[in-house]
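Visitor: Sequences listed follow chains A and B, in order. Counting from 406, one number per residue, gives the positions in the first sequence under the working numbering. Counting from 406, one number per residue, gives the positions in the second sequence under the working numbering.
Keep in mind that the hints are not guaranteed to be accurate.
Note that identical chains are pooled: a pair holds if it fits in a single copy or bridges any two copies.
Claimed, not checked - Heads up, simulated SDA-like pairs for lysine to any residue below, C-alpha to C-alpha not over 25 Å straight-line:
#	residue 1	residue 2
1	K537	D615
2	K537	L604
3	K537	V607
4	K537	G610
5	K443	P532
6	K537	R605
7	K537	S608
8	K537	A520
9	K537	G606
No lab work stands behind these hints: they were computed from the structure. Small disclaimer: the values here were computed from a predicted structure and weren't measured.
There are 2 protein chains.
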Amino acid sequence: MIGLGAIGGSVAWRATQAGIARVVGWTRERADGIEALKREAVTDLAESPERAARGAALVLLAVPPGATLDLLGRVRPWLAPGAIVTDVASVKREVVERACREGLAERFAGGHPLAGTHATGFAAARPDMFAKAVVYVCPTGSPAGGQAAHGVAGFWREVMDAQPVLIEAATHDELLAWTSHLPQVVASALAVALAERGLRGVSYGPGGRDTTRLAASDPALWADILLQNRDAVASAIAAMSGSLSRLAALLERRDATALAAYLEQGANFRRGIDR
Amino acid sequence: MIGLGAIGGSVAWRATQAGIARVVGWTRERADGIEALKREAVTDLAESPERAARGAALVLLAVPPGATLDLLGRVRPWLAPGAIVTDVASVKREVVERACREGLAERFAGGHPLAGTHATGFAAARPDMFAKAVVYVCPTGSPAGGQAAHGVAGFWREVMDAQPVLIEAATHDELLAWTSHLPQVVASALAVALAERGLRGVSYGPGGRDTTRLAASDPALWADILLQNRDAVASAIAAMSGSLSRLAALLERRDATALAAYLEQGANFRRGIDR
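Let the hints inform the model, and build the full structure from the sequences given.
Guide: Rendered as structure tokens:
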């Protein structure tokens, strides 16, 4: 387990609880490593990512997307025969391409669990974080890579109690630009607009807090994600801007009927995605 | 209690639990009235708003903003001497103005609890909905109206266990345009953008669900609120559009440092409003 923050820490913790005999962790954050060891989320701490990877049956990179790209090449020489490598980055095309360039086409599959938290570090980890969560698994496209994807999906389903869904990396990124990256961008843009209006010390109801919640996410992590998926995200932002402009125009025209119909379209959509 | 939906139902329910001997409710929705009576959230049901108001010490209008305006005139002739009238609409300037025009300047104060739910009807009511919640109370500005505001604030503090905050109606509406109405508009615009992209049947993580949660709110209610506060809301939407455009420009320029700084600004703001 390379990275013991909210995601990596949760995966490691559940794995040890599920009876995996050896879970070796590495993290840049010393305090996260100590805490993970104390809570028995890992059985060992390694001195470097390379040492954590050495001899492991499954190497999971749970670091930001930029660091994930770098680590693929660094761990490759240390992999045991038959080892599978995966990651948890929210954007998958570049990661899968890099894995293939690093000669990992047959032993890598990308992963992206649709769960987590805007909080960071092992303090935000919990062993049941992925129970019943959808986890996208992206094969490299090479024939033997299908085996690796099968292994990664099996890990999420059987050890993590999650629901793996196989999806091609480019399709994943296009989809997530809308379902995840756009909500993040919208929450951040709203928070910035409120901050610049000087509305820091006032009261927010549950609606204002929920709509901006994602803005509290790790800025460096999200800068990485948005840049790796920038074309698809740019299209999604353009659609959002258009949607806002239409609402503003209905308000300007004082068109109560059309305004209610617009809000109804949003309400119908939102009620449809509740689980 | 005129209106026994999520808000009116909750207030009535808490009032009966707190030992108010007589809580007379009226609602247009027959099923809500029956349920409120069965759960002992009200002690009586009235046949009309006028009958519910007759003889009451406190008349609370818990209906959408448009209906609130209409009801002020309808209940006035039925008020007992010394009765206080209040409401719970999310937008206050027009309500307070109408109350004054209807001759209620000395016995009305507007109310707006910063709590609630996107769900509607008595089924969404719960007696502790307003515990510790901020409740804005807007005096009419007439000297005797201060007494009414004092009475309304006392009701929220002592009976509802809420935290009343006195604020002038125009100031309230300007503030809420940003802290509440803009988040609603943003959630709806995002939901419409996703709906039009055809992304109904796909998986959303907790972030996508939270950011769009408000879109499930009652469309007719929100069309009312946004139209009653349209100038202030239009300014807030313009600021949000500008904020989104700046983010899009940073992405277009691939400016990782400036993008992270932008996201950091939003993160700092959001972390600051958590309670």
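Visitor: I want to check one pair: K537 and G610. Are their C-alpha atoms no more than 25 Å apart within a copy, between two copies, both, or neither?
Guide: between (30 Å within a copy, 12 Å between copies)
Visitor: Using 25 Å as the alpha-carbon threshold, which applies to K537 and V607: within, between, both, or neither?
Guide: So K537 and V607 pass the 25 Å test across copies only (15 Å; inside, 37 Å).
Visitor: Checking K537 and A520: alpha-carbon separation at most 25 Å within a copy, between copies, both or neither?
Guide: within (10 Å within a copy, 30 Å between copies)
Visitor: Could you place K537 and D615 in one of the four classes (within, between, both, neither) given a Cα distance threshold of 25 Å?
Guide: both (22 Å within a copy, 18 Å between copies)
Visitor: Taking 25 Å as the upper bound on the Cα-Cα distance, should K443 and P532 be classified as within, between, both, or neither?
Guide: within (14 Å within a copy, 42 Å between copies)
Visitor: How would you classify K537 and L604 at a CA-CA limit of 25 Å: within, between, both, or neither?
Guide: For K537 and L604, only the inter-copy Cα distance (21 Å) is at most 25 Å; the intra-copy one is 38 Å.
Visitor: Using 25 Å as the alpha-carbon threshold, which applies to K537 and S608: within, between, both, or neither?
Guide: between (35 Å within a copy, 12 Å between copies)
Visitor: Go through the copies and call it for K537 and R605: within, between, both or neither, with a Cα cutoff of 25 Å.
Guide: For K537 and R605, the Cα distance is within 25 Å only across copies (20 Å; inside one copy 36 Å).
Visitor: First find the shortest C-alpha distance between K537 and G606 inside one copy, then the shortest across copies, and answer within, between, both or neither for a cut-off of 25 Å.
Guide: The answer is between: 17 Å across copies meets 25 Å, while 38 Å in one copy does not.
Checked against the numbered hints given earlier, the structure satisfies every one of them.
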